[in-house]
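Participant: Each chain is listed here by its residues.
Protein chains: 2
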Amino acid sequence: MLRLGPLAAAGRLLPSGPRLGPPCPAGDRVSLSWSWPPPPLRPVGDRGLLSRQVRATAGSAGGGGRGAALKTPKGTRDHPPAHVVLRDRLLAAVVACFKRHGAAAIDTPVLELRETLTGKYGEDAKLIYELQDQGGELLALRYDLTVPFARYLAMNKITKMKRYHIAKVYRRDNPATTRGRYREFYQCDFDIAGQFDPMIPDAECLKIVHEILSDLQLGDFLIKVNDRRILNAVFAVCGIPESKFITTCSTVDKLDKMPWEEVRSEMVGEKGLSPEAADHIGEYVQLHGEHRGVEPLALFFQARQGGPAMKRHKAAYTTGQAHRCGCCCTGRPEAWLVSTGGLDLIERLLQDPKLSQNKLAKEGLGDMKLLFEYLTLFGITGKISFDLSLARGLDYYTGVIFEAVLLQQENDHVEEPVSVGSVAGGGRYDGLVGMFDPKGRKVPCVGVSIGIERIFSILEQRVKASGDKVRTTETQVLVATPQKHLLAARLKLISELWDAGIKAEMLYKKDPKLLKQLQYCEDMGIPLAAIVGEQELTDGVIKLRDVATREEVDIPREKLLHEIRRRLEP
Amino acid sequence: MLRLGPLAAAGRLLPSGPRLGPPCPAGDRVSLSWSWPPPPLRPVGDRGLLSRQVRATAGSAGGGGRGAALKTPKGTRDHPPAHVVLRDRLLAAVVACFKRHGAAAIDTPVLELRETLTGKYGEDAKLIYELQDQGGELLALRYDLTVPFARYLAMNKITKMKRYHIAKVYRRDNPATTRGRYREFYQCDFDIAGQFDPMIPDAECLKIVHEILSDLQLGDFLIKVNDRRILNAVFAVCGIPESKFITTCSTVDKLDKMPWEEVRSEMVGEKGLSPEAADHIGEYVQLHGEHRGVEPLALFFQARQGGPAMKRHKAAYTTGQAHRCGCCCTGRPEAWLVSTGGLDLIERLLQDPKLSQNKLAKEGLGDMKLLFEYLTLFGITGKISFDLSLARGLDYYTGVIFEAVLLQQENDHVEEPVSVGSVAGGGRYDGLVGMFDPKGRKVPCVGVSIGIERIFSILEQRVKASGDKVRTTETQVLVATPQKHLLAARLKLISELWDAGIKAEMLYKKDPKLLKQLQYCEDMGIPLAAIVGEQELTDGVIKLRDVATREEVDIPREKLLHEIRRRLEP
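Read top to bottom, the protein sequences are chains A and B. FYI, in numbering that gives the first Met the number 0 the residues of the first sequence are 0 to 569. FYI, in numbering that gives the first Met the number 0 the residues of the second sequence are 0 to 569.
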């Protein structure tokens, strides 16, 4: 699903500078244990564990290479082992959730026909990577996983499917690094395709977001929900012609990073709405009469400015009391419901004299009510907010839309702004598969995309803050020798360990010094050393050393595997 | 490592036709258990479990799409869930081996600067996918994982690293489908970079191939080993000028699919060697005086022709007796050592009046001897053969080279030819990193690539032959209701299961029929159904149904999670 753009995925709040630099030069040699889940979020800078080490060498590595530039393409990066370990753990948690909900995995090519992508992304189509015409078909790199999924369904005439897909997508965003955007990044999508009773799959998508964000212990979060039909009805009752719905929608979508005044002037100036219509829209999308809680972005900005309103905000937020924040949120009044979810707002809008006459609005609000009923049964409305200002950028949504944001809390350890913001998003797109089907047959779909790149950067900061090193290998035993001329003994022993499924290494030297071998264990976090010397060979034993305690015990050779396994038990 | 070309990875023996068609349309709905490892190889056709179902729809899906072509790019394919499940299990086995040997994972971008790839692949450079010049850098898709690894090492000034990398690579091979080649395919690479004592890392690479092929129970296999220095020495003593070493080498490499006569005529006709030099080379690369065993390809062809020589071959092979097969292997005499490994041949070549005078030959043969010593300690020489005809296609190898092939055995159940052949390969490339380093500093490397695509197709055939369906989801419990108006009860219950980490599904209908729900369990291989009806709600119980036995028991609600977990224990 194309729900989190590279902007969303990489830190809107960062003034400049790449989020992560080129790879850690010593990434394969960091060590020690790393626990999951990591300790609570400490909002440190949006520069990770690895990027600092990296910067030292990035400059020198940036050029040269015997005449050739020694670098990765603009906007891309290598992932050193410590990245991959962390990313794999994160992905494992996401996949576990997708599987818990009965999804099957598919994979599609990185390459698609250009025409497959044509007409799906509106203005963003200019960001698609196109391949050179080398003869044959015209190709492009996939821009998201949603359009390939729709193509897959149409091509195979599949009308029902619950699938997940975790893969890289490509966007020629420019400039990339100065705004912390990457041109190659992961998407983690879960989608339910098929004609079903209303709001049951939609509610499950929200449950999934709730589960993943809870499991990952990323701190407090809020899932904003809206419906394209309600938004369109708002535009209609405000007198906007249908031809301007999509463009107006994309302006409303900017409310999360612009104050209302700017959004309004874009509506009037660029999009050509009348000032009255814009004001009328503003009344709806700014609605916050019954809302509780605070605007995290406003709160964040207050914190940055050291403003006094911050504590008031926090008190209101943590106690769940109603709090009017016109006092400080100068740009935009808060429009998020924290604890009531939104049933009261739905009821109010259903009574609205204009909206209540609009067929789309009635449909959308009716479904929204049903959705909240299901979410109540799931017990997750505490983190869900019906928010009329949520619009989502993409053209293809047709119903429910949603977006999850992390809530930044006050923290004395703030050193630099952490990029809180959207970490998941999605919605219903009932028309996309029909665009591919020769007869235009529709397959209704709803799905969610987890913003793994942003979550990764948060976890990476935590690991850094914790001071722990990430172990990048899983070696359990180093096979060592204390004297010369014992390479054969080491090779024989390590072979036995490998064949028994034990993760083992040895130094690739004929006669390494014992001290060097033990040092390697400590550097790499290897817990055990199996030492075979002349005396041990004579006695038919192996000296097993606990690297942490430095205790050594002679184990009869035939009991070695058993003893190693015993010690490695959790 | 670029060791297995798309040809190697996708069935050289197949006359024509794609190995796998477009995706299985019902791929997300196949079910039942699938055991690992699968039953022994039954050599059925090179068309898998999934492709047959697929062909029925491929024709109709091949075109259309409201004016747009509804297909994946030429030479690429979607992977439906049953593919992904099988592939993930296969990759997990490979990764487990790489981790057992202490490797760390890295990841690099799919995109590289074009200049990074320039001058690394010789003639094959024409197969590189280039991106359109959309402004900015000129880019290309990676052709293998070895060149990016070398770039990574040089860019980060890493001089020691044991890493693995599993990712897709791209080759604009043409034509793709008719020869069973894919343009997007996985590589699984393990490499050891660093200056170490000779042959210790090289021996470990061979041990890894041995472990993986044994673990996967792919049947009998043989790992052919040679050394570029020995080959070059052979060329030198045969009077070939050094400028023609590489091109001669790539002709020798064709010996595994062409008879010697054809190779010889290519040497003389296309490569411009003198007939005498070619004959002289032929004496070396065809050496098989002390060799035992049979030529599997010849054996295979005999089997196809029903020839009488087949049984003789097999007897010779299985008893390990010397067997001269000029009788039937009309094209090419066998050149593989099965049981003696090759120490005898090494000794013989060390006595060769010409080679023994050549510095490169002495180095190469000396190292080969050392390698066999280490392989003997690992206990794997039974599957290793020193084979002078092994050349490997790539320019960048500088020392040991190797390639693993599966051995086709006689089997009464043969229906169609199975594509036995190269399933792993690799070698030493000591100069590649230096091509990237601004000062040309070398980092010696040796590595191996597992031909996962070919292995995948073999396993896929086995699954098909076994008649088992691949379960593509892991759902443990279906939450069901026997009457109408119980959606709320289902939603509440499934939410509890999800929160307890149990994999659960329900049908997305308000009032589904019980029979449909139970049928879904059977179709999808879901072992348990948790049924909540009006009576159960009144009694405070859940009816737990064992789908296989159809037994139903009422479980008190508070004991449900415990009971489900108990039943799901292995």
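The hints are simulated quantities; they were obtained by calculation from the structure and are not laboratory data. Errors might be hidden in some of the hints.
Straight-line Cα separation of at most 35 Å, DSBU-like style, residue types lysine-lysine; simulated pairs [said to hold, decoys possible]:
| hint | chain 1 | residue 1 | chain 2 | residue 2 |
| --- | --- | --- | --- | --- |
| 1 | A | 512 | B | 382 |
| 2 | B | 558 | A | 508 |
| 3 | A | 159 | B | 156 |
| 4 | A | 483 | A | 463 |
| 5 | B | 491 | B | 441 |
| 6 | A | 256 | A | 156 |
| 7 | A | 509 | B | 361 |
| 8 | B | 463 | B | 491 |
| 9 | A | 98 | B | 468 |
| 10 | B | 509 | B | 382 |
| 11 | B | 515 | A | 361 |
| 12 | A | 73 | B | 159 |
| 13 | B | 167 | A | 502 |
| 14 | B | 558 | A | 491 |
| 15 | B | 167 | A | 441 |
| 16 | A | 98 | B | 368 |
Per label pair, the in silico range of CB-to-CB distance [to be verified]:
| hint | chain 1 | residue 1 | chain 2 | residue 2 | range |
| --- | --- | --- | --- | --- | --- |
| 17 | A | 566 | B | 437 | 43 to 49 Å |
| 18 | A | 125 | B | 285 | 57 to 63 Å |
| 19 | B | 68 | A | 343 | 35 to 41 Å |
Glycine included, every Cβ here is placed at the ideal spot set by N, Cα and C.
Participant: Quick one: which hint numbers does this structure break? Sort them smallest to largest.
Facilitator: As far as the earlier hints go, 2, 3, 4, 5, 6, 8, 10, 14, 16, 19 are violated by this structure, in ascending order.
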